[in-house]
Each structure stands twice: as C-alpha cells, then as structure tokens.
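Student: Build the full structure now, drawing on both the sequences and the hints.
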Amino acid sequence: MNKILLIIKREYLSRVKKKSFILITLLGPILMVGIMIIPIWLSMQKSEKQKIEVIDESFLFTDLIPEKDIVHFDYPPITIQQARDGFFDTDYDAILWIPKNVLNGGQKGIQLLFKKQLSNASQQHIEYSLNKMLYEVMLAKNNVNIDFIKDAKEKSTIKMFTKQLDEVGNEKNTNTGLYMGIGLVAAVMIYFFIFMYGVQVMRGVMEEKTSRIVEVILSSVKPFQLMMGKIVGVALVGLTQFLLWVILSTTLYSFAAATVLKDIDMKQIQAKEQVIKIGENLDYENMGKNEEPNEMTQLWNDFKSVDMASMLLCFLFYFLAGYLMYSAMFAAIGAAVDSEADTNQFMLPITIPLIFSFGIAQTVMQDPQGSLAVWFSMIPFTSPVVMMVRLPFGVPAWEIALSMVFLILGFLFTTWLAARIYRTGILMYGKKVSWKELGKWLFYKG
Amino acid sequence: MNILSAKNIVKKYASHTALDDVSLDIPAQSVFGLLGPNGAGKTSLIRIINQITGPDSGEIFFENEKLSSKHVEQIGYLPEERGLYKKMEVGEQALYLAQLKGMKKAEAKKKLKYWFEKFEMDAWWNKKVEELSKGMQQKVQFIVTVMHEPKLLILDEPFSGFDPINANLIKNEILNLKKQGSTILFSTHNMGSVEELCDNIALINRSKKIVDGSVKDIRKENKSNVIEIEFTGNMMGFTNSLWTYGKLGEHSVEGEICKAQIQLTPGSTSNQLLSSILSAVEIHSFKELVPSMNDIFIKKVSEGNALGTQSNFTE
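Protein chains in written order, with this note's numbering: chain W, 2 to 447; chain E, 738 to 1052.
No lab work stands behind these hints, which were simulated from the structure alone.
Among these hints, one or two may not hold up.
Straight line, CA to CA, 27 Å or less: simulated DSS-like cross-link-like pairs of lysine-lysine [said to hold, decoys possible]:
no.: 1; chain 1: E; residue 1: Lys847; chain 2: W; residue 2: Lys4
no.: 2; chain 1: E; residue 1: Lys864; chain 2: W; residue 2: Lys4
no.: 3; chain 1: W; residue 1: Lys4; chain 2: E; residue 2: Lys842
no.: 4; chain 1: W; residue 1: Lys4; chain 2: E; residue 2: Lys865
no.: 5; chain 1: W; residue 1: Lys20; chain 2: W; residue 2: Lys10
no.: 6; chain 1: E; residue 1: Lys749; chain 2: W; residue 2: Lys10
no.: 7; chain 1: E; residue 1: Lys865; chain 2: W; residue 2: Lys10
Tutor: Quick look at the structure:
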C-alpha cells in the first residue's frame, strides 16, 4: 500500500512540475476570463466624440437628430459640394448627406462620407435615429395616430413564462435554454477531461514500456499497483488543474470586474435609460430590449433555481468515475503497443462510446426524460456525458444513484480487464498485437 | 545453505513452453551462472524469481521460505533490457527506486551518496537521465540494483552493452559484494566471465536444465582425458612406447620438436603413460587438456539439440 502511494506521488509530482502543466493551468483562466471580459471592456471603451456635419437638403432633420455621448451633429448652411470640397480643412469626422426627396423614395440616397471609418455604435445610432424619425414622419403624413400603434405593439408582445409544477404543488421556474447550456458545458468538460487525461495515462505507460524501466519497477511492485498508481496520480493532476482553473478564474474575474469593469454597470444603466427615453415616442425596434433588464434578472433567478452544489458534486463524481473507467482501458492500450502509431487501431473502438454519447446529447436535450436519455444515462460507457446533459433538467435521485452504481461497477470491470492485458503487454516487446491476441492475454495466468 | 531453491518450475505461453520442469539450488554467498542460448528460458526463470510473472506450476523457496512479496526487498534485479525514466533527475530517480525497494528516504540518500562517490558521479545528481551518456546510465542502473544491499543479486546479461572499463568495474563489484555476503545469480553468454566469476552454474537449453553443479566438478566430469606432450626424439619410438595406455591423436613435427595429443585409454592414468614414454623420448612438456566452459557449453547444447531433433523425427 505504501508503494502505491510512492507511485502516485511520483506520477503526480512529475506532471505537476512540468512547464506545460503550469503554463496551461495559468493560461486557461486568463484566456477564459479574457474571452468574457475583453468584448465587454472594448464595447465600453469611451470612443472619442465624433463630429458630424449634416447637410440636410430636406430640412426635416435639421437640429433634430438626438445627440449622444459619442456623436455630435452640426448643421452648417452649405451645399454638399461645398462640404465635400472643404471637408479636409475642417475637423469633422464625417458628412451626413440627406437628399431633398427623402420622403418620396429618396431615403435610400442618404449617404455618410467619412475620413476614417466611424465606430459601429455611432453608425448604428445615426441609422437608427434617422430610421425612427422617418417612420414617425411617414405615419404623421398619413394621419395615423402614433399612440395607437404604440399601444397595439405593447399589448401584442408576449413573453411566455414556463414553470414546473411538482407533486406538492410547488411552482418551479424552468428555463430550457439555460439548462441545455449548463448541461452541455458540463458534458463537454467531462468529455474533454476524460480524453485528455486518459491519453496522458496511455503515454505514461508507453514511456515506461519503451524506456524499459518497467521491468526494474515490476521487480519491486505488482503490475496492478503500477497501473493504478499511474491512473490515480494522473486523476489527481486532473483534479488539481480543474480546481486551480476554478479558483484562478473566479479570482481573476472578480479582480477584473473590480478594476477594469468598475464603472461599466453604471454606464450600462445609463445607456439603457437613454434607449428607454428614445423609445418614449415610439420604439418598434427596441420593444424587446426594454425587457432586457427583466430578462437578465429572470435568467439569474433561473440560474439560481438549478442546484449548483449538487451539480458540482455530480460533475466531480462523473468526471472521476468516468475518467477511472476509461483510463484503465487507455493504460491497457499503452501496455499492449510498442509505439504511438500502433495505438490508433485500439483508440478508436474505445473512444466510440464517448463520441456517440456526444452525438445523442442533442436528442437527450430535446427529451431529457425519454427512454433513450434514461437508458444511456445508465450505461457506464455513456453515462458520464449523458447524465450531465440530463442533470440540470432534474433527474430523480434513484436514477442518479443507480447510474452511479453502474458506473462504479463498470469501472471495476474495465480495470480488472485492463489489468490482465496490462501485465502481459507491458513485458511483451516487438510483437504486433491484434484484438485476438489481447483476448488471449485475458486468460493468461499471472 | 541454499539462498534460493526452485522446484519443478513449469511456465507455458500460448505457443510454447518456456520452462519445463526446471529445478535449481543456489547456495548462499556464491556466484551462480545461469547459462543457455538465446530463447532457452533464462529470462523467464529470472522473471519468476523476481515475481514479475508466476510459474504455472512449481515452487520457489527463498532461504527455505516460500517466495512471497516480502522477499522483494532482499532481491536486486538488473534486467537485460534496462532503462530509466529519461526526463527524471538521476538522484530523484534513484531515491524513488530505492523507496520502492522498501528503503527509508534518509537511509537511501546516505547509501546513494556512498555509491555516487565511489563511482565518481556526484556531479550527476541533479542531471536528467537523458543528459547522461550510455555508460553513465549503466552505472546508475547498477547502483540502483545494489543500493538496498540485497541478499540475492540477479543480473541478466550484465556485461552486454557495458564498455570494457565499466564491465571490469562491475566484475570487481560483483566479487566485492560476494565477499560481503551477497549471492549473485547472473545469466550470460560470456563464458570467459563464467570461468572467472562463477562457483556454480546451471545450463538451460530448450526450456530444460541440462547441466548443473560447481564449475570445478563440471569441468572434471567433462574432461576428455587428452594429454598434450612436447618432446624431442623419434616419433616412431614414441608411438611404440605408448603401449596400451593411450592412442595417438593429432601430432606434428617442427624441426626437432614433436607435439602429440594422446587420448588415454579408459582405466589408464597419466602417470602410467608418463612412466612408459619416459625412457623413449626426451619430454619438454606434459599437460592434460582440460575443456573450457565454452567447449562444454557448445558440446552440451549441440548434443541436446541433436537429441531434440532426433526425438522430433521419431514422433
């Protein structure tokens, strides 16, 4: 027992001390947080206020286009030709040219001429404002009461709330999209972890075999101890990496939120207020966006309705048990072959169940309590991925327990099987191994 | 007392039998040579003694106790195909292997320091194995095999792959360890080293043990009773003086000196032969030709193979 601890320690330390491990562990969270934060940060960057000279030949918009913190409009009384000629002597960033016949089909002739590309936000603002103003003018021109339209829009927009009703009559908010997201993320991570660390076990076994250290070690410990020591050591590496990622990501995120994104929330609120103000008249486009703050809170509430603690526990269980089950088989492959090139023929059959469970994830999401979903969340080879997809939708406790028991049994079975192949293969050199050969090894006496 | 006894070991693989009813006794504090051509079953036997694999039938006793996992710590093993973790530092790796053999860390460190100094390799402690030359790696492997002071040291083809200087170093260490009370079992093709080092041998061919015993006895048993004589005088008179004590074999004349090999007839002694030729010629040298281990090895193996083919025919 003491020796297996020594092996675990070596396997663990030799991997954790590697530069590549440290690099990936550090870069992972930076990348993740970066992906979340940089777009927000960029969009929140205060761009320089852009000055735009409006040549409004229709006089419909003069002095009326709403100002914004990023754009400022001037309405000089000059012709478009004059504006164009003198453009580079002025400090204007762009010329907005509205032709005379804008109400009679000329709206498509509106042009924005610029020195350098305007920011997306400014362009959108201009386009949106002109659009809205034109719309109102057109309605008024045809004697349509704007209030009617506004009222009708408001009263005909629906948002369906979905709630789950349990036996006791309690209502529970559900959010299918959110559950799909959570389930999918968890399933992807499990798939990724099993694969990544399984291959690490296989490589480690092959390294021992090809460097021929294995015979020296086997004169001190049993093959099973060596195999399990490696599997457990690598599992601990995986857990370490996962936990470090979680810890680093959260600290990094809160740090970034506290510094870089400090005043973003205020701005977001201001921006929304502005949108609402504009929409006071008529807001066809932004009808949905007005709901946004509510939707965010709703999403957050739904998020809280998922039992994250038990999700995390289940994730850790399915990650560990799934990894243990697959890695034993990866170890057997590593022991059976002489070189990396030979691994392919054995890798594929082993990874097919994993890939398959991904293939049916879509179907499982559509019908998380269907028989397909239930069956494949019981079968040990597919349960780690399929059960993670089902979990956010709520799975009866007895099903989870049964699936866990099956997974543990599956792990014991594959480990027993793998150990028999491992102990023969690890000392077998220069032999092209076939499936038939592996079958024979199962029945060799130790 | 025997440090190790193997009794009727049988090991079969799918297509062939690696060991067929092999029994061995290895006396304590001796050097035991396990000989045999490639594929005879030496490595299979060694792996069974190291408990890397188990026999299909038969038993092994270590100091009269049935061999079990607790004996692992009293055996040191240097396999024929040997290697180390390439990316691991030398000192760290040696410590790890020592601990796997049941040594305490502090104790292992002390022992390793002693050996590293002895082999003048202190400076390598923090180097990665892949930075060392092949010869250096072999030294490390040897140290790793002996550092826990095993009662039984098993060396599979220890001299293959060693350069002459390292081979000599290892040879001296083997004799040293024997003096300190260790028993050494080694397998080899190198017959020169057998005569130099071994007290006892066993010869395995085609999965079966065909000869075993002390080197002295085996050579005595296999002596050919051929005597080589150098003399000056008449070859004819020499031949006549042999009487019935011996038969003339190969002979040559170089100037005045004649050289002749005499096969003693059964029942005759070399003294009888000597006194009989004494009066006929002038003798310069008189010596019994003793077969080398190499000759015995080749003779036994080819005898065995001839028998093997014969029995195949009769089947």
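Student: Does each hint fit the structure? Answer for all of them.
Tutor: Each hint, compared with the structure:
For the hint pairing lysine 847 of chain E with lysine 4 of chain W, the CA-to-CA distance comes to about 20 Å; that is within 27 Å, so the pair holds. About 25 Å separates the Cα atoms of lysine 864 of chain E and lysine 4 of chain W, which keeps this hinted pair within 27 Å; it holds. Under the criterion of a C-alpha separation no larger than 27 Å, the hint pairing lysine 4 of chain W with lysine 842 of chain E is consistent with the structure, at around 13 Å. For the hint linking lysine 4 of chain W to lysine 865 of chain E, the alpha-carbon distance of about 23 Å falls within 27 Å, and the restraint holds.
For the given pair, lysine 20 of chain W sits about 18 Å from lysine 10 of chain W by alpha-carbon distance, which is consistent with the 27 Å threshold. The suggested pairing of lysine 749 of chain E with lysine 10 of chain W is violated, with an alpha-carbon distance near 36 Å, which exceeds 27 Å. For a cut-off of 27 Å, the pair hint linking lysine 865 of chain E to lysine 10 of chain W stands: about 19 Å separates their Cα positions.
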